[in-house]
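For the record, in the sequence shown the residue sitting at position 138 is 138 according to the UniProt record's numbering, with numbers rising by one throughout.
Hints were generated in silico from the structure; no laboratory data involved.
There could be a bad hint or two in this list.
Computed spacing ranges between beta-carbons, pair by pair [as the list claims (entries may be wrong)]:
#, residue 1, residue 2, range
1, D55, E127, 36 to 44 Å
2, D55, A132, 16 to 24 Å
3, K15, P71, 30 to 38 Å
Heads up, the beta-carbon is just placed ideally off N, CA and C, and yes, glycines get one too.
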Amino acid sequence: MTDHGPNPYVVNIEKETLQNTNYRTTIWTGQELQLTVMSIEPGHDIGLEKHDDHDQFIRIESGTCLVQMGPAEDDLNFEVTAGDDDAIFIPVGKFHNVTNTGDEALKLYSIYAPAEHEHGTVHVTYEEAMEAEAHHHH
1 MTDHGPNPYV
11 VNIEKETLQN
21 TNYRTTIWTG
31 QELQLTVMSI
41 EPGHDIGLEK
51 HDDHDQFIRI
61 ESGTCLVQMG
71 PAEDDLNFEV
81 TAGDDDAIFI
91 PVGKFHNVTN
101 TGDEALKLYS
111 IYAPAEHEHG
121 TVHVTYEEAM
131 EAEAHHHH
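Full structure from sequences and hints, please.
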């Protein structure tokens, strides 16, 4: 996949999300908005994180997951099970994590405003993504 931003772009987001096999791939990166698709293996998660300068939107295309959010890393007082076609809204400043609780890859897309990852980012595996995140402070 190619990051098509910041050029005008139309995409069948469901198809792109379901076909993605990389842990994370940026599809479109603009000046104030970014679209990524993710494939998270059973038992794996996005990784506990917090964004201090933007909200985040996630839509589950396929799979089941546990969504956790809260005011501190050790106080994730919001827990909801989510699945196919559910949308997750993550407010600025909230710690959050999404864990695949199913037995197949969790397929989702995420929209950040402004962009969270460098234009053209591709993380084939969770480990590769965590290595990159270690160099990018949230």
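Evaluation of the provided hints:
no.: 1; hint: D55 x E127: 36 to 44 Å; result: 27 Å, violated
no.: 2; hint: D55 x A132: 16 to 24 Å; result: 22 Å, holds
no.: 3; hint: K15 x P71: 30 to 38 Å; result: 37 Å, holds
Comparing the model with each earlier hint shows a violation of hint 1 alone; every other hint is respected.
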